[in-house]
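Student: Chains A and B, in that order, are what the protein sequence lines are. Take the first sequence: its letter number 193 is residue 192 in numbering that gives the first Met the number 0, and every next letter is one higher. Take the second sequence: its letter number 235 is residue 234 in numbering that gives the first Met the number 0, and every next letter is one higher.
It is possible that part of the hints are untrue.
Stated by the list, open to error - The list that follows gives simulated cross-link-like pairs (lysine-lysine, DSSO-like), each with its CA atoms no further than 30 angstroms apart:
1) K292/B x K292/A
2) K309/A x K241/B
3) K292/B x K309/A
4) K351/B x K292/A
5) K178/B x K292/A
6) K344/B x K309/B
7) K345/A x K351/B
8) K309/B x K345/A
9) K351/A x K344/B
10) K292/B x K283/A
11) K351/A x K351/B
12) K309/A x K241/A
Claimed, not checked - Chain A stretches covered by chain B per the calculated footprint, using a threshold of three residues with CB under 8 angstroms from any CB of chain B:
13) 209-219
14) 292-300
15) 338-345
I should point out that these hints are in silico values taken from the structure, not numbers from a laboratory. Glycine included, C-beta positions come from ideal geometry on N, C-alpha and C.
There are 2 protein chains.
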Amino acid sequence: MSTIPGFWAVIPAGGAGTRLWPLSRENFPKFLLDLTGDGRSLLQATIDRLQPLSDGRMLVVTGAAHRAKVLAQLPDFEPADVIGEPARRESMAAIGLAAALVERRDPDAIIGSFAADQLIDDDEAFQRTVREAVRVAATGKLVTIGIEPTGASTAYGYIRCGEPIPGTAAHDVQQFVEKPTAEVAAEYLATGGYRWNAGMFVVRASLLLDLLERWHPELARGLRQIAARPETLEEVFPTLEKVAIDIAVAEPAADAGLVAVVPGSFGWDDIGDFASLAAVTPHKDNAPVLLGKAEAVHSLDATGLVFAAKDGGKTYAVVGIENVVVVDTGDALLITTIERAQDVKKMVDQLKGGGLNHLL
Amino acid sequence: MSTIPGFWAVIPAGGAGTRLWPLSRENFPKFLLDLTGDGRSLLQATIDRLQPLSDGRMLVVTGAAHRAKVLAQLPDFEPADVIGEPARRESMAAIGLAAALVERRDPDAIIGSFAADQLIDDDEAFQRTVREAVRVAATGKLVTIGIEPTGASTAYGYIRCGEPIPGTAAHDVQQFVEKPTAEVAAEYLATGGYRWNAGMFVVRASLLLDLLERWHPELARGLRQIAARPETLEEVFPTLEKVAIDIAVAEPAADAGLVAVVPGSFGWDDIGDFASLAAVTPHKDNAPVLLGKAEAVHSLDATGLVFAAKDGGKTYAVVGIENVVVVDTGDALLITTIERAQDVKKMVDQLKGGGLNHLL
Numbered sequence: 000m001s002t003i004p005g006f007w008a009v010i011p012a013g014g015a016g017t018r019l020w021p022l023s024r025e026n027f028p029k030f031l032l033d034l035t036g037d038g039r040s041l042l043q044a045t046i047d048r049l050q051p052l053s054d055g056r057m058l059v060v061t062g063a064a065h066r067a068k069v070l071a072q073l074p075d076f077e078p079a080d081v082i083g084e085p086a087r088r089e090s091m092a093a094i095g096l097a098a099a100l101v102e103r104r105d106p107d108a109i110i111g112s113f114a115a116d117q118l119i120d121d122d123e124a125f126q127r128t129v130r131e132a133v134r135v136a137a138t139g140k141l142v143t144i145g146i147e148p149t150g151a152s153t154a155y156g157y158i159r160c161g162e163p164i165p166g167t168a169a170h171d172v173q174q175f176v177e178k179p180t181a182e183v184a185a186e187y188l189a190t191g192g193y194r195w196n197a198g199m200f201v202v203r204a205s206l207l208l209d210l211l212e213r214w215h216p217e218l219a220r221g222l223r224q225i226a227a228r229p230e231t232l233e234e235v236f237p238t239l240e241k242v243a244i245d246i247a248v249a250e251p252a253a254d255a256g257l258v259a260v261v262p263g264s265f266g267w268d269d270i271g272d273f274a275s276l277a278a279v280t281p282h283k284d285n286a287p288v289l290l291g292k293a294e295a296v297h298s299l300d301a302t303g304l305v306f307a308a309k310d311g312g313k314t315y316a317v318v319g320i321e322n323v324v325v326v327d328t329g330d331a332l333l334i335t336t337i338e339r340a341q342d343v344k345k346m347v348d349q350l351k352g353g354g355l356n357h358l359l
Numbered sequence: 000m001s002t003i004p005g006f007w008a009v010i011p012a013g014g015a016g017t018r019l020w021p022l023s024r025e026n027f028p029k030f031l032l033d034l035t036g037d038g039r040s041l042l043q044a045t046i047d048r049l050q051p052l053s054d055g056r057m058l059v060v061t062g063a064a065h066r067a068k069v070l071a072q073l074p075d076f077e078p079a080d081v082i083g084e085p086a087r088r089e090s091m092a093a094i095g096l097a098a099a100l101v102e103r104r105d106p107d108a109i110i111g112s113f114a115a116d117q118l119i120d121d122d123e124a125f126q127r128t129v130r131e132a133v134r135v136a137a138t139g140k141l142v143t144i145g146i147e148p149t150g151a152s153t154a155y156g157y158i159r160c161g162e163p164i165p166g167t168a169a170h171d172v173q174q175f176v177e178k179p180t181a182e183v184a185a186e187y188l189a190t191g192g193y194r195w196n197a198g199m200f201v202v203r204a205s206l207l208l209d210l211l212e213r214w215h216p217e218l219a220r221g222l223r224q225i226a227a228r229p230e231t232l233e234e235v236f237p238t239l240e241k242v243a244i245d246i247a248v249a250e251p252a253a254d255a256g257l258v259a260v261v262p263g264s265f266g267w268d269d270i271g272d273f274a275s276l277a278a279v280t281p282h283k284d285n286a287p288v289l290l291g292k293a294e295a296v297h298s299l300d301a302t303g304l305v306f307a308a309k310d311g312g313k314t315y316a317v318v319g320i321e322n323v324v325v326v327d328t329g330d331a332l333l334i335t336t337i338e339r340a341q342d343v344k345k346m347v348d349q350l351k352g353g354g355l356n357h358l359l
């Protein structure tokens with residue numbers, strides 16, 4: 000497999016992963032975790048997947064508080080290639096800053112932006128898809144990768160596909176649509192013309208910034224100013240507009256007929272909660288998913304997910320519960336169910352209200 | 000309140016409490032535990048309840064392996080008053096040995112035998128009942144205390160009451176009946192003439208042994224021989240017949256018209272499992288029973304029981320589970336439900352099969 004000349008990978012590493020507490024913490028968020036137990040964090044797996052395409056041309060954009068932890072996980076990275084945001088300004092500022100920095104190094108570069116906290120089950124299919132997306136982006140399109148839906152999910156936004164683009168695997172994008180109701184999601188699935196929006200964008204860096212200039216000129220200018228004079232990052236970045244890349248650029252560009260979607264047929268999951276983590280992790284039927292120190296867990300008539308603390312000498316015994324979620328990190332123990340996995344966020348809020356911020 | 004002259008309390012301290020694992024362990028069984036968190040073990044609470052009646056005339060009979068732990072919990076006891084059985088020979092040998100030892104100290108003594116692992120919610124009502132039972136026992140009856148049923152339990156044996164005994168609160172006992180089916184238990188409750196058999200016996204020590212002599216002469220002689228020459232305990236006790244006091248004496252004595260039942264209207268529970276422990280422990284509606292380090296437990300839409308490890312610095316978060324049972328002892332964590340509380344025994348068997356005897 001050859002690398003893609005002029006291709007830069009941009010990896011926004013943000014997102015608290017609150018519903019994965021107590022694994023995910025404010026000061027050690029989801030993307031730093033080895034959730035699947037294969038020895039690589041989600042961030043590292045993302046880098047591993049992109050390295051064959053970009054040959055080291057990669058920028059990670061993360062919160063300043065996490066920059067040292069990111070560098071510790073990525074020993075081959077130049078420190079300059081891990082950008083610490085001095086304030087949270089949403090995805091447009093994060094990806095736009097990376098685009099502006101890449102544009103200065105190579106005005107013709109094509110960037111591909113892929114969040115650091117997602118799971119992909121087939122790296123080769125992913126790489127083929129990115130390669131095709133870069134080919135389409137070179138024609139002057141903002142390209143997104145649309146994941147083939149495996150169900151009528153209400154957790155993701157959808158992409159409505161338009162006409163095929165001759166000579167490519169891509170279609171025009173008619174519209175980005177918000178997370179639907181279950182009913183609407185079922186309709187989307189039935190028509191076959193919709194794909195999940197995984198927030199993956201492949202685009203010439205200069206085009207992204209020029210499009211941004213069209214709809215959010217101050218933000219575009221601020222980003223290009225920081226790229227020209229990196230010493231102004233601390234001063235300028237916190238003043239930038241807070242806006243998501245979908246709203247700032249992708250949706251208006253789709254309306255203007257400038258967006259293409261390349262189909263991604265690899266398995267993809269953003270592992271938003273423990274239900275999602277349980278679903279993507281291989282396990283025996285009629286037994287819980289075992290993560291962490293799996294050999295410490297004994298179960299009888301139980302299913303769900305058990306994450307056993309790696310350091311403790313504790314033995315876990317689970318008896319007669321369907322879809323239970325048990326997560327032990329030593330300092331905290333969460334017990335819930337697959338069905339209530341979304342409500343972990345409420346518990347985190349409750350703990351915050353109780354002054355237990357050191358655990359969050 | 001005055002003590003009862005010539006009354007000796009006998010406290011058999013046995014029973015593994017397997018269904019209360021991991022709180023209850025083979026080498027630290029249920030009767031040594033402070034299950035309710037009031038600062039006294041079940042054994043200590045039993046002694047506390049009997050002390051006002053017996054003024055120190057008490058014998059504890061326990062496994063030799065537990066004798067030192069029992070003495071450590073009962074600093075006011077003479078070592079000679081805690082008898083260590085060199086082998087398990089069931090309840091007749093345990094209670095009979097205590098009866099034989101008491102008989103030698105006071106041939107007219109009346110003993111009351113009360114297991115060390117039961118919970119009673121009204122000590123004064125219990126003491127009034129025992130006082131009445133001793134009064135009836137002095138007339139030459141084997142007296143049992145029959146607990147007023149609070150439901151159609153299938154977990155206990157029942158006592159079928161006969162005619163009232165004039166001048167007392169007692170009735171004759173027609174029959175001891177085994178643990179019934181739910182249907183039969185409901186019939187018992189409907190007739191009103193049945194009481195729970197709590198295994199409490201009040202009887203002149205010499206009468207108990209004389210009755211035993213009638214049906215199990217070798218066992219009676221062996222017990223009296225040990226009492227006469229305590230140095231033969233190690234040699235003789237392991238050769239004694241293994242038989243429960245109900246079968247050896249209480250049932251045949253009932254057939255012979257020699258048994259009376261005094262009604263006990265105090266709350267009583269043998270805390271056989273975590274469902275039982277949850278039921279007897281005060282707690283808020285719509286919140287789990289909290290035991291151990293209660294302040295470490297946070298819950299949201301949860302009921303059941305959480306026992307938080309006392310020593311650990313762990314925070315517990317329980318989200319959206321009804322009737323969950325979570326028991327953390329530091330080295331072991333049990334997660335099950337109130338409904339499956341009986342199956343903890345199966346898990347203990349599974350762990351034993353897996354060679355985890357050090358946890359049992």
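Student: Could you run down the list of hints and mark each one as holding or not?
Tutor: Evaluated hints:
1. K292/B x K292/A: Holds, at about 25 angstroms.
2. K309/A x K241/B: The hint is violated at about 46 angstroms.
3. K292/B x K309/A: holds (23 angstroms)
4. K351/B x K292/A: holds (20 angstroms)
5. K178/B x K292/A: With a Cα-Cα distance of about 43 angstroms, the restraint between K178/B and K292/A is violated, given a limit of 30 angstroms.
6. K344/B x K309/B: Measuring from Cα to Cα gives roughly 24 angstroms; hence the hint holds.
7. K345/A x K351/B: Since the Cα atoms of K345/A and K351/B sit roughly 39 angstroms apart, the hinted pair is violated (cutoff 30 angstroms).
8. K309/B x K345/A: holds (26 angstroms)
9. K351/A x K344/B: Given that 30 angstroms is the threshold and the Cα spacing comes to 38 angstroms, the pair is violated.
10. K292/B x K283/A: violated (35 angstroms)
11. K351/A x K351/B: violated (41 angstroms)
12. K309/A x K241/A: Between K309/A and K241/A the Cα gap is close to 39 angstroms, so the pair fails against 30 angstroms, i.e. violated.
13. 209-219: It is violated: at least three residues are needed, and the stretch 209-219 of chain A offers just 0 whose Cβ sits closer than 8 angstroms to chain B.
14. 292-300: holds (count 3)
15. 338-345: Our answer is that it holds, as 5 residues pass the Cβ test (under 8 angstroms) against chain B, meeting three.
When each numbered hint is compared with the structure, violations occur for hints 2, 5, 7, 9, 10, 11, 12 and 13.
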